[in-house]
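Undergrad: Sequences listed follow chains F and P, in order.
Counting in this note's numbering, the first sequence runs without a single skipped number right up to 99 at its last residue.
Counting in this note's numbering, the second sequence runs without a single skipped number right up to 835 at its last residue.
Calculated from the structure, these hints are not laboratory results.
Warning: the hint list may mix true and false statements.
Claimed, not checked - One-sided excerpt, in silico: chain F residues whose CB lies under 10 Å from chain P: (1) ILE14; (2) ASP39; (3) ASP48; (4) VAL50; (5) HIS63; (6) GLY65; (7) LEU71; (8) ASP72; (9) ASN75; (10) ALA76; (11) GLU77; (12) LEU82; (13) LEU83; (14) ASN88; (15) ASP89.
Unchecked claim - Label pairs and their calculated CB-CB ranges: (16) F:GLU85 to P:LYS738: 19 to 27 Å; (17) F:ILE32 to P:ARG572: 41 to 49 Å; (18) P:ASN774 to F:LYS43: 36 to 44 Å.
The beta carbon of each residue, even a glycine, is placed where N, CA and C say it ideally should be.
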Amino acid sequence: MCLAIPMQVVEIKGSGDSLLNPIIAVVNADGMKKEIRLDLVDRMPEIGEYLIIHAGFAINCLDTENAEKSLQLLREIANDIEEEPGGKFT
Amino acid sequence: MKYVDEYRSRELVDKLCNTLHRITTDPVRVMEVCGTHTMSIFRHGLRDMLPDKVQLISGPGCPVCVTPSGVIDGFIELASRPEVTVTTFGDMIRVPGARGSLAEARAAGAKVEIVYSPMDALVLAKERPYRLVVFLSVGFETTTPTIAATVLEAERQGIDNFFIFPANKVMPPPLDALMQDPELQVDGLLCPGHVSIISGSDSFQFLVDKYGLACAVAGFEPTDILRAIVSLVRQIQGKRPTIENCYGRVVTRKGNVKARGLVEKIFTPVDCRWRGLGVIEKSGLGLRKAYEHFDATKRLNITPVESAEPKGCRCGEILKGICGPRDCPLFGRRCTPGSPVGPCMVSSEGTCAAWHRYGGLV
Ligand code: SF4
Numbered sequence: 010m011c012l013a014i015p016m017q018v019v020e021i022k023g024s025g026d027s028l029l030n031p032i033i034a035v036v037n038a039d040g041m042k043k044e045i046r047l048d049l050v051d052r053m054p055e056i057g058e059y060l061i062i063h064a065g066f067a068i069n070c071l072d073t074e075n076a077e078k079s080l081q082l083l084r085e086i087a088n089d090i091e092e093e094p095g096g097k098f099t
Numbered sequence: 474m475k476y477v478d479e480y481r482s483r484e485l486v487d488k489l490c491n492t493l494h495r496i497t498t499d500p501v502r503v504m505e506v507c508g509t510h511t512m513s514i515f516r517h518g519l520r521d522m523l524p525d526k527v528q529l530i531s532g533p534g535c536p537v538c539v540t541p542s543g544v545i546d547g548f549i550e551l552a553s554r555p556e557v558t559v560t561t562f563g564d565m566i567r568v569p570g571a572r573g574s575l576a577e578a579r580a581a582g583a584k585v586e587i588v589y590s591p592m593d594a595l596v597l598a599k600e601r602p603y604r605l606v607v608f609l610s611v612g613f614e615t616t617t618p619t620i621a622a623t624v625l626e627a628e629r630q631g632i633d634n635f636f637i638f639p640a641n642k643v644m645p646p647p648l649d650a651l652m653q654d655p656e657l658q659v660d661g662l663l664c665p666g667h668v669s670i671i672s673g674s675d676s677f678q679f680l681v682d683k684y685g686l687a688c689a690v691a692g693f694e695p696t697d698i699l700r701a702i703v704s705l706v707r708q709i710q711g712k713r714p715t716i717e718n719c720y721g722r723v724v725t726r727k728g729n730v731k732a733r734g735l736v737e738k739i740f741t742p743v744d745c746r747w748r749g750l751g752v753i754e755k756s757g758l759g760l761r762k763a764y765e766h767f768d769a770t771k772r773l774n775i776t777p778v779e780s781a782e783p784k785g786c787r788c789g790e791i792l793k794g795i796c797g798p799r800d801c802p803l804f805g806r807r808c809t810p811g812s813p814v815g816p817c818m819v820s821s822e823g824t825c826a827a828w829h830r831y832g833g834l835v
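For reference, chain F alone in the conformation it holds in the complex:
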């Protein structure tokens, strides 16, 4: 039930000043478009960014820089390069 998936922001809609017209992000996942509430994230995402979506809300923005680094680390572990626990890319 706690599944959350990364989806890419394609549009930002709404105006913050109206309670009835909150700012929402339109995201795209495999061609499916969805409107997502931003109440829980502490900054406005930019178009092209990835959000982690759970139950209609963005619960975080994806850190692309970290994603690249940790993929690199994955490959190192996969290729049997020793690495200390609590290592460099945490």
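With chain F's structure known, arrange chain P with the ligand on it following the hints.
TA: Using the frame of chain F, we list chain P with the ligand on its own:
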């Protein structure tokens, strides 16, 4: 899909498994707390690929499975009132209580609607001001903020026919209780990735300090899980337990402070019953006084009942990792995903359902 497919690479999975086979010298027992991990481990066939020395135990991390039947019964009672529409995440609909499930209540005429987001329940309340709309508020740290935000939105818009049935839970107290159980022997914990987005990886530090438990926060793709198991094996064998965040692309040490702030604004810790584990101190969330008018149990007078668990069901021990589904005499016979007896068979993330679906029948 970007940020998903890379982490499913067959080549990487195979290589990570080789690494794991190479480094594992001692037996290690790892508990995966989260039902989504259980499911992912089965779906990607990881159980068969791991070294025999790595034993995986499923913990109490499926919100559906740990919701006591008394909550289901109370909610069904609400659903049977003519003026009430109840709304729920789809996972809850087939969970049996003492007097049947929500699906059965719906078939008998109760107004039960499945929603994807708690906000959908609020929209429903707004569209039908003449009905009382109640949302079954279940879930852990990941889900609770979405409900808090919805309640705050209801307050802002002055929607007074929307209520929640509070049954949310938090992860640290049951983990603390489990680790004190002498029957349970675990060396390492696969920490739930999406709970950690909110609570932060630091929230598991107490398990390292108090129990010397190795901890790794893991994502849900196969390479994420394998990387975390590699981390656990190294920590355990090197006798250097720590908490390693192996899901840094979305989890930080401190977590989502804003989301936690919203939760704290409307909820307060309460003692709470877990199916199979009993009452655990401050492991649940109730609405604060200022938001009590959203509490369906108070406003609509539902007295929580303590119903017995289904006869013969061993979910309690399974949720503690003490026995496996195949130790239950009902497994695959009287209890199947089509006609579940216990909650672990209902949720697709339940341990029994996962074993049933992915060939654990032998
Ligand atoms: S197989 Fe069914 S009855 Fe047995 S423990 Fe699992 S859910 Fe309960």
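Undergrad: So which hints don't hold here, by number, going up?
TA: 16
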